[in-house]
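Colleague: The residues making up each chain are set out below.
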Amino acid sequence: MHQTLSPFRRAYDLGARALLYLSAALTCGLLLCLIGYICFRGIPGISWSFLTTAASVLRGTVGIFPAIVNTLYVIVVSLVVALPLGVGAAIYLTEYASNRRLVEIIEFATETLAGIPSIIYALVGNVIFCVSLRLEKTLIAGSLTLVIMVLPTIIRTTQESLKTVPQSYREGSLGLGSGKWHMIRTVVLPSSVDGIVTGCILAVGRIVGESAILMYTVSMSTGMQDFSTIENFMKSSGATLTVALYVYAKENAEFAVAFSIATILLALTVLINLAASLAGKKLKR
Amino acid sequence: MEEPTILKAEGLDLFYGEHQALKSISMDIPEHRITALIGPSGCGKSTFLKTINRMNDLVPGVTIKGKITYHGQDIYGPGLDVTWLRKRIGMVFQKPNPFPMSIYDNVAYGPRTHGVRSRKKLDELVEQSLRSAAIWDEVKDRLKKSALSLSGGQQQRLCIARALAVEPDVLLMDEATSALDPISTSKIEDLSTELKKNYTIVMVTHNMQQAARVADKTAFFLLGELVEFDDTVQMFSKPRDKRTEDYITGRFG
Ligand SMILES: Nc1ncnc2c1ncn2[C@@H]1O[C@H](COP(=O)(O)OP(=O)(O)OP(=O)(O)O)[C@@H](O)[C@H]1O
Ligand SMILES: [Mg+2]
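Chains as they are written, first to last, in my numbering: chain A, 1 to 285; chain B, 1001 to 1253.
Keep in mind that the hints were calculated from the coordinates and are not lab data.
Among the hints, a few may not be true.
[Unchecked claim] With a straight-line cut-off of 25 Å between C-alpha atoms, the simulated BS3-like cross-links for lysine-lysine are:
1. B:1145 to A:282
2. B:1196 to B:1095
3. B:1067 to B:1023
4. B:1121 to B:1067
5. B:1144 to B:1121
6. B:1095 to B:1144
7. A:163 to B:1095
8. A:281 to B:1144
9. B:1008 to B:1197
10. B:1065 to B:1140
11. A:163 to A:282
12. B:1095 to B:1067
13. A:282 to B:1144
14. A:180 to B:1095
15. B:1187 to B:1144
16. A:281 to B:1145
17. B:1140 to B:1120
18. B:1008 to B:1067
[To be verified] Pulled from the structure, derived: some chain A residues nowhere near chain B, Cβ distances all over 12 Å:
19. 47
20. 79
21. 104
22. 134
23. 160
24. 170
Glycine residues also receive a C-beta, built at the ideal position from the N, C-alpha and C atoms.
Input sequences plus hints: build the corresponding full structure.
Modeller: In structure tokens, the structure reads:
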């Protein structure tokens, strides 16, 4: 093939190819540099005590245990609320709602909501949960705001996977005399768990990476919170990993700590993405 | 010897939106017999079949006039429980549609739906249904395996077993053999003949030989109308209507 091309075409071809390689190399290179630099600065600071203790001025130690706990807090609380709501809404929209136009409008709305900047959720969450509902700046207010943020994601992914369940399964089940809910519970949901799980993992990813919402609706304390009673649980308020990163970098100017947190966040993101694609593949079978 | 009527359609009209798919169908389906529905594509055979166990309810925009009775009870009447009706009148679809679960769970699905919990009773029902559907010997060693690992013909017989496990009264089969090879087809045909001792079977088929082989009565549909309904022997030897004759002899369709 190559021999038949005119020299001009060949040069053109070579040039185009070089350009493409260059942009690919540049992108990957930038990314690798970024990751490398973060790890290079972050890894030395990571130790067992860094992960399992709180920062203490008295002892002169830094630890991000509180931020890890707070992050787990918002993940768990947000999912516990968002999962039933989101899956329920998706089931209603795909299996029950009969008004096609209305469903289309809602689907368009969820799609749009999934893409808006999170600072808008932060603002609304602050006004609704912190101020109007008097939750103040607490982890609970933050979690509820995160619920609003991840709901569209969960609804969309659940709906997509419900739609891939063959109609013939539904007919088969109803044809045996099942009621509609029984059919959904025993045939439709089990065949769409993979989509729901993937949606959840994506939601966790968004929660872990979120900062604007948590800055607006939760305090930025890096100290250990007290979760011992229900009341304390509701009132606890502190920085999650992303916010702690901001606090250490911006307010305390402790860049080493900030980079260590960044490394941990990077690792978490990789893990979450791996889990999502694994879950998708494994459950498909 | 005439068997009592189990299903009776009287002046049944069905519309998909504006389009009339069934035109004033009246038909008495006898108990413990195989009734075949034949006719060219789009003439309303599946529609009529789905009307019998109300699977048409799932299609938006369907309106039905006239009446179908099952043991004298109006199936579109008020107070009729659709799930009860579908338990009594089972359906086997054109494409085998086993659920993505084990063979055992597929067959046990119906009984479990209707509240059978006892392990022993379920085991019994599963074995008995798989035997009736002539597939027991092929699957008895792998009941816990996924039903999707079976061949198409086996899957279809599994679907028949699944329908039988709820102990219905009538079995509706919509071109149940059209996607199958000749051996699986003849197995299912033999099976139907076996099953009619205990069940009433209504089957849609595109295969005239099949209707002639297994059906006691045959109904010929054309453009939503029931042109002729008679004993199979009668219809295939001396059709009363010119259109039936043309169709049977392959002049159109
Ligand atoms: N869900 C539906 N919505 C609208 N029209 C429909 C629907 N299902 C069937 N029809 C129409 O009703 C008529 C009868 O269809 P039906 O499926 O009963 O035909 P059939 O005799 O089973 O054909 P085939 O042999 O191809 O399966 C056709 O004109 C078809 O286009
Ligand atoms: Mg059909």
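Colleague: If I take the minimum Cβ distance from residue 160 of chain A to any residue of chain B, is it greater than 12 Å?
Modeller: holds (18 Å)
Colleague: So if I understand the rule, the pair passes when the alpha-carbon distance is 25 Å or less; does residue 1187 of chain B with residue 1144 of chain B pass?
Modeller: Holds - the C-alpha atoms of residue 1144 of chain B and residue 1187 of chain B are around 24 Å apart, at most 25 Å.
Colleague: Take the C-alpha atoms of residue 163 of chain A and residue 1095 of chain B, compute the straight-line distance between them, and say whether it is at most 25 Å.
Modeller: holds (19 Å)
Colleague: Keeping to a limit of 25 Å between CA atoms, is the pair of residue 1095 of chain B and residue 1144 of chain B held or broken?
Modeller: holds (23 Å)
Colleague: Minimum Cβ separation between residue 47 of chain A and chain B greater than 12 Å?
Modeller: The claim stands: residue 47 of chain A keeps its Cβ more than 12 Å from every Cβ of chain B (closest is about 48 Å).
Colleague: Taking only the CA atoms, is the gap from residue 1008 of chain B to residue 1197 of chain B under or equal to 25 Å?
Modeller: holds (20 Å)
Colleague: Within 25 Å, alpha carbon to alpha carbon, are residue 163 of chain A and residue 282 of chain A?
Modeller: The hint holds at about 19 Å.
Colleague: Is the Cα-Cα distance between residue 1065 of chain B and residue 1140 of chain B 25 Å or less?
Modeller: Violated. Residue 1065 of chain B to residue 1140 of chain B sits at ~46 Å, over the 25 Å cutoff.
Colleague: Straight-line Cα separation of residue 1095 of chain B and residue 1067 of chain B no greater than 25 Å?
Modeller: violated (29 Å)
Colleague: Say whether it holds or is violated: residue 170 of chain A keeps its Cβ farther than 12 Å from all Cβ of chain B.
Modeller: violated (8 Å)
Colleague: Should the label of residue 79 of chain A as a non-interface residue stand, given a Cβ cut-off of 12 Å to chain B?
Modeller: The claim holds: residue 79 of chain A sits with its nearest Cβ about 26 Å from chain B, beyond 12 Å.
Colleague: Can the restraint linking residue 1067 of chain B and residue 1023 of chain B be considered satisfied, given a maximum Cα separation of 25 Å?
Modeller: Holds. Residue 1067 of chain B to residue 1023 of chain B sits at ~12 Å (cutoff 25 Å).
The structure fails hints 4, 10, 12, 24 (numbered hints given earlier, in ascending order).
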